[in-house]
Amino acid sequence: MTVTRAEYCVVACAEVWRGAGEVLASPMGTVPALGARLAKRTFSPDLLLTDGEALLVGDAPGPGNGAPVAEGWLPYRRHLALVATGRRHVMMGASQIDRYGNQNISCIGDWARPSRQLLGVRGAPVNTLNNPTSYWVPRHSPRTFVERVDMVCGVGYDRAAAAGPSATRFHDVREVVSDLGVFDFDTPDRTMRIRSLHPGVRVEDVREATGFALRVPDGGVPGTKAPDAAELRLIREVLDPGGLRDREVPPCGP
Amino acid sequence: MDKVMTADDVVARLASGMTVGIGGWGSRRKPMALVRALLRSPLTDLTVVSCGGPDVGLLAAAGKIRRLVMPFVTLDSVPLEPHFRAARERGAFALTELDEAMFMWGLTAAGQRLPFLPVRAGPGSDVLRVNPHIRTVTSPYADGEELAAVPALRLDAALVHLNRADARGNGQYLGPDPYFDDLFCEAADAAYVSCERIVDSAELNRAGGPQTLLVSRMFVSGVVEAPHGAHFTSCAPDYGRDEAFQRAYVRAAADPDAWAGFVKRFLSGDEDDYQAAVTAFTEETAEATAGERS
Chain E
1 MTVTRAEYCV
11 VACAEVWRGA
21 GEVLASPMGT
31 VPALGARLAK
41 RTFSPDLLLT
51 DGEALLVGDA
61 PGPGNGAPVA
71 EGWLPYRRHL
81 ALVATGRRHV
91 MMGASQIDRY
101 GNQNISCIGD
111 WARPSRQLLG
121 VRGAPVNTLN
131 NPTSYWVPRH
141 SPRTFVERVD
151 MVCGVGYDRA
161 AAAGPSATRF
171 HDVREVVSDL
181 GVFDFDTPDR
191 TMRIRSLHPG
201 VRVEDVREAT
211 GFALRVPDGG
221 VPGTKAPDAA
231 ELRLIREVLD
241 PGGLRDREVP
251 PCGP
Chain B
1001 MDKVMTADDV
1011 VARLASGMTV
1021 GIGGWGSRRK
1031 PMALVRALLR
1041 SPLTDLTVVS
1051 CGGPDVGLLA
1061 AAGKIRRLVM
1071 PFVTLDSVPL
1081 EPHFRAARER
1091 GAFALTELDE
1101 AMFMWGLTAA
1111 GQRLPFLPVR
1121 AGPGSDVLRV
1131 NPHIRTVTSP
1141 YADGEELAAV
1151 PALRLDAALV
1161 HLNRADARGN
1171 GQYLGPDPYF
1181 DDLFCEAADA
1191 AYVSCERIVD
1201 SAELNRAGGP
1211 QTLLVSRMFV
1221 SGVVEAPHGA
1231 HFTSCAPDYG
1241 RDEAFQRAYV
1251 RAAADPDAWA
1261 GFVKRFLSGD
1271 EDDYQAAVTA
1281 FTEETAEATA
1291 GERS
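Protein sequences, first through last, are from chains E and B.
1 is the number of the first residue of the first sequence in this note's numbering; add one for each residue after it.
1001 is the number of the first residue of the second sequence in this note's numbering; add one for each residue after it.
Each hint should be verified, as a subset may be incorrect.
Computed list of chain B residues with no C-beta within reach of chain E, every gap over 12 Å [as the list claims (entries may be wrong)]:
{"hint": "1", "residue": "THR1019"}
{"hint": "2", "residue": "LEU1039"}
{"hint": "3", "residue": "MET1070"}
{"hint": "4", "residue": "PHE1103"}
{"hint": "5", "residue": "GLY1124"}
{"hint": "6", "residue": "ARG1129"}
{"hint": "7", "residue": "VAL1130"}
{"hint": "8", "residue": "ALA1167"}
{"hint": "9", "residue": "ASP1200"}
{"hint": "10", "residue": "PHE1245"}
{"hint": "11", "residue": "TRP1259"}
{"hint": "12", "residue": "THR1289"}
Per label pair, the in silico range of CB-to-CB distance [to be verified]:
{"hint": "13", "chain 1": "B", "residue 1": "PRO1176", "chain 2": "E", "residue 2": "PRO251", "range": "32 to 42 Å"}
{"hint": "14", "chain 1": "B", "residue 1": "ARG1129", "chain 2": "E", "residue 2": "SER141", "range": "18 to 28 Å"}
{"hint": "15", "chain 1": "B", "residue 1": "ALA1276", "chain 2": "E", "residue 2": "PHE170", "range": "50 to 60 Å"}
Hints listed in this document are in silico derivations from the structure and should not be mistaken for laboratory results.
Just so it is clear, CB atoms sit at the ideal spot from N, CA and C, and this is done for glycine as well.
One chain only, chain E, in its complex shape (with noise of 0.2 Å):
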């Protein structure tokens, strides 16, 4: 059976959390949530996740395979002190976000008297300050991808570098997975740069989805990894058997 555009997304969030250890895997949004449980169950087992409310569930059962089992407590108040420990990894949505990393979830406009009020800064100032930071990005267009967000509220390279050391002393945002591929900021400028492109998408697509250049790597790029036929059946069967993936990332045409 094809592995749909979903399936791949669900594997590139899920390769964030490879090698993070015993930590607090913090996902927003669907496609990262069964990212984040897929690490857990295959090559990441010492992550913690949450129930998205606050308590810490030592496994990570599918719709409908029972309820989860809680190993600890960690409400609001908590986890945002967790935060400040670094003991997590959190994969935040984007409603802007730039070549430098900043990310706006606030608001559309002039902070003042915005055209379109979104949902505030929330945590995202403390999270990129203190804690390793991804974002996800299911519909990856000019309009999420510009050239300079209009209210910062997780903060990119260029502005962590000129805040000074307290603000880079932990700074770290590591990757952006989105629709049409996974991108990193391993570049000697930090700029965003393509790491991988999903399958059947060209480098042609990306640009003229990204309001910013985007560095492309020396030697061609990669496909996105595909899902193993375990990773598969987990995703189909155990994971999400109703097809949510789908809704965030809706099966391409050809």
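Once you have looked at the hints, place chain B on chain E.
Just chain B, lined up with the frame of chain E:
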């Protein structure tokens, strides 16, 4: 000492222009009966401090807010709060937008009577650009780190809703998360606790372990018995969020005529009228669903 009073008594103790903290989180355990009492009052020009949900939306729709202090406003199952959005987009009130950790440590500083607390959040982000009043502080130790000096969020009054309380003001939460309700009470000159049920102190001890006794009476000025008083937000384990009603609220907020109808039906009487209208709404919704099925 008996501190039992009504929601209208609470509002009578407040004044226009006050800084009022509202407990709960998003669309979770908000003191909605107290917010509805605020809506019935002539109070205005409020500075509202909140991890915002429909409390902020309703007060914004009624033009009660002069300044909002928040890290976010959301309805949880509906990400964006429609009245908050509309109010921001028409420039209806001033905004102090803080990071979540800055917000928590700002409340904590106020309770601890400290002028500020250092937090590693803010530098590099636009939170410091849009809040020029927030300064940084440099560590006096060898590291010399420069951190945000988050100012204390001192409140004139706090409004919170808990599952149980006794008549003296000891408040108990029975759900999985205390949110910041004790911090709000300790940061305020006067705190008011509404609850699902007022019980004897002995019953508080039977309902849950000592760690569920979140709010101490030494920080509480008034206790209000308000069954279903967090509606339409969640109040676990007593009840979950009323998703159908929240959706109706969101739909109504999108259109001025629909909103006028919502206000007329739900927000033009007292709390008993509200709860009766909600019961009628729930029955209609159930009948409509049953009709679709048959």
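Hints breached by this structure: 3, 4, 5, 6 and 7
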